[in-house]
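Construct all of the structure, not just a fragment, from the sequences and the given hints.
Going by our numbering, the sequence shown opens with residue 10, and the numbers climb by one from there.
Mixed in with the good hints, there may be bad ones.
Simulated pairs of lysine-lysine, PhoX-like, Cα-Cα distance not exceeding 25 angstroms [stated by the list, open to error]:
id : residue 1 : residue 2
1  : Lys-50    : Lys-125
2  : Lys-135   : Lys-50
3  : Lys-127   : Lys-50
Ranges between beta-carbon positions, derived for each pair [said to hold, decoys possible]:
id : residue 1 : residue 2 : range
4  : Asp-205   : Arg-30    : 38 to 48 angstroms
5  : Ala-161   : Gly-235   : 37 to 47 angstroms
6  : Arg-189   : Val-47    : 14 to 24 angstroms
7  : Ser-68    : Pro-166   : 35 to 45 angstroms
8  : Ala-39    : Arg-139   : 29 to 39 angstroms
9  : Ala-224   : Gly-164   : 39 to 49 angstroms
10 : Gly-31    : Arg-264   : 35 to 45 angstroms
No lab work stands behind these hints, which were simulated from the structure alone. The beta-carbon is built from N, C-alpha and C at its ideal position, and this holds for glycine as well.
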Amino acid sequence: MTVAPPLTTPLAVRLGLAELRGATLAEVDAAAALQHRVDRKYLVPLDRARRLVARLADSHHVLDLGDDRRTTNYLSTYFDTPELAAWRAHVQQRRRRWKVRTRLYAEDGLCRVEVKTKDGRGATVKHALRIPAAGYGELTTGAAEFVDEVLAGAGVPVTVKELSAAVEVRYVRAALADLRHGSRVTLDSTLSCRHDDRTAALDPGQVLVETKGGARPALADRLLLGMGVRPVSLSKYVIGQSLLSPGLPDNDVRRLARAHFTTETHPAPLPAQLPERIPAA
10 MTVAPPLTTP LAVRLGLAEL RGATLAEVDA AAALQHRVDR KYLVPLDRAR RLVARLADSH
70 HVLDLGDDRR TTNYLSTYFD TPELAAWRAH VQQRRRRWKV RTRLYAEDGL CRVEVKTKDG
130 RGATVKHALR IPAAGYGELT TGAAEFVDEV LAGAGVPVTV KELSAAVEVR YVRAALADLR
190 HGSRVTLDST LSCRHDDRTA ALDPGQVLVE TKGGARPALA DRLLLGMGVR PVSLSKYVIG
250 QSLLSPGLPD NDVRRLARAH FTTETHPAPL PAQLPERIPA A
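Below, the structure written as structure tokens:
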């Protein structure tokens with residue numbers, strides 16, 4: 010059972026996604042080899058994000074998942090060691106940075122376990138394995154073997170036995186793709202992080218924009234630069250830990266997050282557009 014999406018979502022309306030040509034997931038995947046890429050991230054005011062989408066309309070398609078649905082709700086649970094080895098590797102900019110997460114695409118009931126590492130050139134390498142939706146938030150036997158194999162291959166001295174669920178991140182995403190040149194742009198809104206009984210949420214007037222492509226800045230990067238928007242070093246997981254775990258050392262990531270995120274000490278209710286129960290695959 011999956012969740013029936015509305016034909017238009019608030020994010021799709023706010024960004025003007027109806028004005029773009031649609032592309033299927035197969036077309037987007039065929040156009041860009043995104044498993045080996047360079048990511049650049051930007052915190053963009055909503056009005057400038059909408060302007061960016063309009064200026065990309067001639068060269069980019071928007072991912073259309075059927076019935077004119079052009080956004081997807083993401084749920085991601087990140088795993089770390091008791092000493093927060095993954096968090097510390099990112100904050101300290103170590104060469105062997107890594108992340109392990111399970112990700113659920115809510116409307117479609119699709120779930121994957123994903124491992125992200127950095128290669129010798131600093132590019133992000135992502136490995137993914139599809140798992141049953143009921144396995145979201147856990148590292149069961151098959152997922153555990155997959156994670157151990159990828160981490161060992163990347164030279165990361167961590168095993169699944171050391172990992173436990175750390176922070177859950179939720180957001181709504183729209184994805185644009187340049188089918189000719191193979192670059193991609195994602196736009197995330199209503200971003201929130203949860204850890205134990207605390208939550209942190211991105212300012213609703215901000216959109217997290219990520220460009221995913223080669224070493225050279227793509228059109229979206231150049232357009233954002235022309236709007237006065239500069240890239241930021243920002244990880245959803247690192248922000249979640251930095252804001253929600255008491256006693257962690259202060260750092261630039263936390264200061265950036267405090268400027269754009271609000272925190273609560275009580276559990277926030279599930280957003281209305283997300284399923285209360287994880288759908289079956």
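Going down the list of hints, with the structure as the test:
Simply put, Lys-50 and Lys-125 have alpha-carbon atoms about 16 angstroms apart, close enough for the 25 angstroms limit, and the pair holds. With a C-alpha separation of about 17 angstroms, the suggested pairing of Lys-135 with Lys-50 holds against the 25 angstroms cut-off. Under the criterion of a C-alpha separation no larger than 25 angstroms, the hint pairing Lys-127 with Lys-50 is consistent with the structure, at around 16 angstroms. For the pair Asp-205 and Arg-30, the beta carbons lie near 44 angstroms from each other, so the given range of 38 to 48 angstroms is met.
For Ala-161 paired with Gly-235, a C-beta distance near 44 angstroms keeps the hint of 37 to 47 angstroms intact. Against the hinted window of 14 to 24 angstroms, the Cβ-Cβ separation of Arg-189 and Val-47 comes to about 19 angstroms, which satisfies the hint. Taken as a hint, the range 35 to 45 angstroms holds for the pair Ser-68 and Pro-166, whose Cβ atoms sit roughly 43 angstroms apart. Between Ala-39 and Arg-139, the C-beta spacing of about 19 angstroms breaks the proposed range 29 to 39 angstroms.
Taking the beta carbon of each, Ala-224 and Gly-164 are about 22 angstroms apart, not inside 39 to 49 angstroms as hinted. In this structure the hint that Gly-31 and Arg-264 lie 35 to 45 angstroms apart at CB holds, the actual value being about 39 angstroms.
In summary, the numbered hints that this structure violates are 8 and 9.
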